[in-house]
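Asker: Sequence:
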Amino acid sequence: MNDIAHNLAQVQQRISAAAERCGRAPEEVSLLAVSKTKPASDIAQAIAAGQREFGENYVQEGTDKIALFREQGITGLTWHFIGPLQSNKSRLVAENFDWCHTIDRQKIAMRLSEQRPGELAPLNVLIQVNISDETSKSGIALAEVDALADLVSSLPGLRLRGLMAIPAPEQDYDKQFAVCQQMAVAFSALQRRYSGIDTLSLGMTDDMEAAIAAGSTMVRIGTAIFGARDYSARQGQ
Numbered sequence: 009m010n011d012i013a014h015n016l017a018q019v020q021q022r023i024s025a026a027a028e029r030c031g032r033a034p035e036e037v038s039l040l041a042v043s044k045t046k047p048a049s050d051i052a053q054a055i056a057a058g059q060r061e062f063g064e065n066y067v068q069e070g071t072d073k074i075a076l077f078r079e080q081g082i083t084g085l086t087w088h089f090i091g092p093l094q095s096n097k098s099r100l101v102a103e104n105f106d107w108c109h110t111i112d113r114q115k116i117a118m119r120l121s122e123q124r125p126g127e128l129a130p131l132n133v134l135i136q137v138n139i140s141d142e143t144s145k146s147g148i149a150l151a152e153v154d155a156l157a158d159l160v161s162s163l164p165g166l167r168l169r170g171l172m173a174i175p176a177p178e179q180d181y182d183k184q185f186a187v188c189q190q191m192a193v194a195f196s197a198l199q200r201r202y203s204g205i206d207t208l209s210l211g212m213t214d215d216m217e218a219a220i221a222a223g224s225t226m227v228r229i230g231t232a233i234f235g236a237r238d239y240s241a242r243q244g245q
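Going by my numbering, the first residue of the sequence shown is number 9, and it counts up by one from there.
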């Protein structure tokens, strides 16, 4: 077993243990492998180990990887865009990715819907919430979720699936859980308003246990799978 396969197995064990501790089935939590800045060879190792869902932060880097694996005839992969999205890059996301986690304004939602090719299924999208109110992070306030959800749910090229957040770094478990629980409450409220809401993208390497205990259905894990990132190797936005 190579290092990436070993790391994936360890992360899956962490997910299973966290789910079982709070009375959830491990199958309720999916693992999104965050492969940003990592070479295609690392992703290929993860694929060989059974991983099928990958998250990319940089549009051009992500589309290049998607094209590469398509050219190799590898099917069954699901690609998630999880980084901040500029308007001038929205078409590449609409045409190539299966998911976008970072909807935080009407303009981006409308552009993605308009640019989604008709022969593809609607783009699965999540509304990003800036749950810790950090000026350095994208996302909207919880109070703004309903208005944006109303718009997104009306757009034919999009399929609203739920919410995403990146809480501020915090080492204390109880504080992690309290923030994650705020997202879980908002997620439950969204589920009551719309059908098809099934995804709360919440939790990373350092806070996945608290996120799972609060109700996350998808954790985004990069470093624990692929190791530390070298941002100088990034291929661009």
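Heads up, a few of these hints could be off.
No farther apart than 35 Å at their CA atoms in a straight line, the calculated lysine-lysine pairs in the DSBU-like style are these [stated by the list, open to error]:
(1) Lys44 with Lys115
(2) Lys115 with Lys145
(3) Lys97 with Lys145
(4) Lys145 with Lys183
(5) Lys44 with Lys183
(6) Lys115 with Lys97
(7) Lys145 with Lys44
(8) Lys115 with Lys183
(9) Lys97 with Lys44
Label-pair restraints from in silico Cβ distances [claimed, not checked]:
(10) Ser144 with Pro164: 14 to 22 Å
(11) Ala25 with Glu178: 18 to 26 Å
(12) Ala129 with Gln179: 19 to 27 Å
FYI, nobody ran anything at the bench for these hints, they're computed from the structure. Nothing here was measured: the structure is a model prediction, and the numbers come from that model. Where a beta carbon is used, it is the ideal one built from N, C-alpha and C, also for glycine.
Asker: Honestly, do Ala129 and Gln179 meet the 19 to 27 Å range at C-beta?
Answerer: 40 Å Cβ-Cβ, so the 19 to 27 Å window is violated.
Asker: Given the hinted pair Lys115 and Lys145, is their alpha-carbon gap at most 35 Å?
Answerer: Roughly 18 Å between the alpha carbons, so the hint for Lys115 and Lys145 holds.
Asker: Would the hint linking Lys44 and Lys183 be met if the CA-CA limit is 35 Å?
Answerer: holds (28 Å)
Asker: Does Lys183 sit within 35 Å of Lys115, going by the straight-line distance between their CA atoms?
Answerer: holds (34 Å)
Asker: Is the hinted range of 18 to 26 Å satisfied by the C-beta distance from Ala25 to Glu178?
Answerer: holds (21 Å)
Asker: Given the hint that Lys97 pairs with Lys145, does the C-alpha gap stay at or below 35 Å?
Answerer: holds (18 Å)
Asker: Cβ-Cβ distance between Ser144 and Pro164: within 14 to 22 Å?
Answerer: violated (34 Å)
Asker: Would the pair Lys97 and Lys44 pass a check requiring their Cα atoms to be no farther apart than 35 Å?
Answerer: Within the cut-off at roughly 17 Å; holds.
Asker: Lys115 and Lys97 were given as a pair; does the straight-line alpha-carbon distance stay at or below 35 Å?
Answerer: This hinted pair holds, its Cα atoms lying about 13 Å apart.
Asker: Regarding the pair Lys145 and Lys44, is the alpha-carbon distance no greater than 35 Å?
Answerer: Holds: Lys145 and Lys44 sit about 18 Å apart, inside 35 Å.
Asker: Is the Cα-Cα distance between Lys145 and Lys183 35 Å or less?
Answerer: holds (19 Å)
Asker: Hey, Lys44 versus Lys115, does the alpha-carbon distance stay inside 35 Å?
Answerer: holds (25 Å)
The structure shown violates the earlier hints numbered 10, 12.
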